[in-house]
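There are 2 protein chains.
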Amino acid sequence: MTSDLVSKEISAEEAAELIQDGEVLGVSGFTLAGYPKAVPTALAKRAERLHANGKPFQITLFSGASTGDECDGALARAKAIKWRAPYQSNPDLRSAINRGEIFYTDAHLGIMGHLVRTGSLPRPTTAIIEASEVTSDGKIRFTTSCGNSVEYLRMADRIIVELNSIYGDALCGIHDCYLPELPPYTHPIPVVNVLDRGGKDYVQVDPKKIVAIVRTNQGDTIRPFTEPDAVSKNIGGQILEFLAHERKKGRLPAGLPYQSGVGNVANAVLTAMARDSLQEPVSLFTEVIQEAVFELIKADKLVGASGTALTCSADAREYFKQNAATLQKKFVLRSQEVSNHPEVIRRLGVISMNTALECDIFGNVNSSHVCGSSIMNGIGGSADFSRNCLLGFFMAPSTAKNGAISTIVPFVTHLDHSDHETHIFVTEQGLADLRGLDPVSRAHKIIENCAHPDYRQQLNDFLDYSMRSSKGKHIPFALDRAFNMHLDFLEKGTMKE
Amino acid sequence: MTSDLVSKEISAEEAAELIQDGEVLGVSGFTLAGYPKAVPTALAKRAERLHANGKPFQITLFSGASTGDECDGALARAKAIKWRAPYQSNPDLRSAINRGEIFYTDAHLGIMGHLVRTGSLPRPTTAIIEASEVTSDGKIRFTTSCGNSVEYLRMADRIIVELNSIYGDALCGIHDCYLPELPPYTHPIPVVNVLDRGGKDYVQVDPKKIVAIVRTNQGDTIRPFTEPDAVSKNIGGQILEFLAHERKKGRLPAGLPYQSGVGNVANAVLTAMARDSLQEPVSLFTEVIQEAVFELIKADKLVGASGTALTCSADAREYFKQNAATLQKKFVLRSQEVSNHPEVIRRLGVISMNTALECDIFGNVNSSHVCGSSIMNGIGGSADFSRNCLLGFFMAPSTAKNGAISTIVPFVTHLDHSDHETHIFVTEQGLADLRGLDPVSRAHKIIENCAHPDYRQQLNDFLDYSMRSSKGKHIPFALDRAFNMHLDFLEKGTMKE
Ligand SMILES: CC(C)(COP(=O)(O)OP(=O)(O)OC[C@H]1O[C@@H](n2cnc3c(N)ncnc32)[C@H](O)[C@@H]1OP(=O)(O)O)[C@@H](O)C(=O)NCCC(=O)NCCS
Ligand SMILES: CC(C)(COP(=O)(O)OP(=O)(O)OC[C@H]1O[C@@H](n2cnc3c(N)ncnc32)[C@H](O)[C@@H]1OP(=O)(O)O)[C@@H](O)C(=O)NCCC(=O)NCCS
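Protein sequences appear in the order of chains A and E. If you use my numbering, the first sequence corresponds to residues 24 to 520, in order. If you use my numbering, the second sequence corresponds to residues 24 to 520, in order.
Just to be clear, a hint being listed does not mean it is correct.
Copies of the same chain look alike in the list, so a pair counts if it fits in one copy or across any two.
[As the list claims (entries may be wrong)] Calculated lysine-lysine pairs in the BS3-like style (CA-CA distance at most 30 Å, straight line):
(1) K468 x K105
(2) K105 x K272
(3) K78 x K496
(4) K496 x K344
(5) K519 x K321
(6) K494 x K519
(7) K68 x K31
(8) K496 x K519
(9) K232 x K68
(10) K424 x K494
(11) K102 x K496
None of these hints come from the bench; they were simulated from the model.
For reference, chain A alone in the conformation it holds in the complex (with noise of 0.2 Å):
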């Protein structure tokens, strides 16, 4: 490192000690990949000393998506975060944001940097991004994710860069750090293939407006990938038949690229493919390229993977680190306005996958919000790809907390995606492809195909009640019941009767 760097080396408290009360911060880190670690712990200790004396300080926090309990967790318990925006999974800052304290704003994951950009949302002054590397020319590097650094570091004010090592130079050339130029400039993105890029793998900078580089040298905080349950299994073979079934009727070309949600049953289609004989070599156009991706890399069966996140449990590093020349040509990490543009999902034809809380008759679905009140982890990006993929499946086990929940419901308590635009449900009861289907068929169809047999009758009886009781028959719907199911739930602790 040149020596005007060298002179910008401080610690995470020093660096903490930059920021104000009140202050909007740009954040790299996306589901728990890439996101900085030390600066948000020592910014934490520093709001509760600050607290204990009485002392205001409380910060905005603008991410990728989710971040590690080294930043949202510690920053929620030391109530230093005001605002919040646009994903969470971290238990302690999802439990402030219900409790309603802290204001946070839910949005979709590819929209957020552009809202920041149009100035729909306050610009961040300071950014503080985990960076591989730095250079005294302005240059920098990210690590495991892209996020929203780029939206970010354009426009704050100051820089604080987490230099961590971690990965050494292994991450070298994954990142394609293109943006589209905002209306009325905008131009079509340069992206026809997974691979395709657009931009430079590193952002430009201007070199004064680094403020801070505190070194580290820790990895993000992941599970280890664990072998998926015989429920996440059984829907992962099943969307693995659909799609063979499509193909052979001639409605799917091969080689479309996957779109794989968070979560269990995501990992299991992917494992699925890599384990399954006659499956061809798949590419990915995602979100977060999870662990499950190197199943398929070790089956030989990965063309190549687009997503804004790369998440890697510590053994997934080294396995990284040691293949990371043949490696860097399969992935490219891009910002999450185009891993996750609507243009660029509709172009390639992706095929969505996604986890849904709970889904409705009528094949409406809830990514985000338990009884309509209490976020989950927010609606993420679930729709930037279903809405604009070429084949979107929802998917969930029937049931949730042991069986005292249906996840398919007479009306979704919070509504993410509309039976507009969703395609197919599955769940280890069986898929319903809802595709042009009028509302009493879906409801048909979902109750018999997904829904849990405990729970068919009384589905069944909400469906009969309101073709009798409904005004219009178009979707039967009896709005005096639509949610009882739920209110049982909430006042029995089960949806059974």
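Since chain A is already given, all that's left is putting chain E with the ligands on it; use the hints.
Relative to the frame of chain A, chain E with the ligands by itself:
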């Protein structure tokens, strides 16, 4: 007309005989513009005769959007429609759907043609297309809309042309019949400015597929333009004021194109622009170019307008014909896959304005279903635009049915646009800029700014009760009272307490 074409000229009644029971028909037409008139009317009569003789006759009707009474109305009254998609607005068809007599699939208009092309919906076997020109080598030029006609012409086995002479050659050259290839062969759509074109102004078909040519000389049935009412003018005025404010704040570059939805309020905004002496000339990138566009033209305030349909009353048609040479250079009519394409809407930074049936206090919008069960018209292209625009408005009078209905409700009974993507609500009471707000702040702002004073107390009571009773406080949402206002309306004919 050359002799080979003359030999295909038959009457509408003869053409109707070519259609089989159970067929899927793909017709031209988009919101009362450019739909076939003579053949559907004759087909309805044929169905009635067959039904009178105890014979079955029903078809599936796929269109661009709604069609006129000569098509949707006549066929619905004749009970000749089994399945209809993707949009409608005819009173008789709507009633039959809401009685549960006709299957109806409501779809995003920008995706309908894509669903048919990718095999998610069945392929039309006969296309009935209104044309202003047809040549012996199979070149077809459309009339007042493009809709899904390119798709249906390509996919159908048989083509029936309604050759309509009412526009003469006045529409010659305004169509752009470009369609992107399907994945995996899709390339960027070559539209970077509102008037850019990607294809030819005619469609080339195999002339052997043209089985009939039916001559007509009948205009689209469109009510003459009427002066906007006071409420619409008020809403239009607020939108213009807000746009000026955003521009002054540096958050909105000049020159972005507008999308303006169907209905009275949308017309009022364009009219207000035409009459505002400070208004710069505007571009439209929209779905339906409504008649208010001529106000802009007369005021010399139109740069150019792109849409998939042009709705002209008899007066407007005469105006168009007289000024065809100039107007042809100001208009492009595209396939609805392109006029409503997320790629182009996002690229151009469209400012979108659509009318809602009802909005809820959390920011969700219902565009399509009264009390969750009866279809009004359909979601149309509203989500194509609102989801991908740079800045989006949903507007509605704060009450309907002489005040018996509040259009601001605790929870929408059908959800077309979610709180994740709605930006700004406007009623004649005021405007609520929801961008970046958390759910509780949104609720306060919508009630304060947009609800009618007669309903504010009820809405605030719901919010207060929800704050107390809801398990999660992120979205305080009392499931047990969510639809009470609607239930009151259904029981007592008014939402008033
Ligand atoms: C929906 C989502 C939470 C499921 O995650 P998952 O890890 O596959 O699912 P799990 O089955 O482990 O469920 C997670 C939790 O939700 C609970 N849950 C699931 N369905 C529920 C329901 N209908 N009601 C209440 N709780 C429910 C589970 O019981 C579990 O709770 P626990 O953590 O206390 O055990 C997750 O996929 C998500 O956040 N999705 C939204 C964002 C998204 O789709 N991103 C991808 C876009 S690229
Ligand atoms: C919502 C929509 C129906 C409003 O149309 P409009 O002509 O501006 O509105 P109006 O105020 O005349 O309302 C139309 C009817 O709905 C009724 N209505 C409005 N709000 C209502 C509500 N919340 N509950 C019940 N009825 C309602 C009106 O009373 C009126 O009924 P009437 O015909 O019996 O008098 C229309 O814009 C639409 O269909 N939108 C969806 C599609 C779309 O947005 N397309 C544009 C995309 S490019």
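Notebook entry, point to check: For which of the previously enumerated hints does the structure constitute a violation, in increasing order of number?
Noted result: Violated: hints 4, 5.
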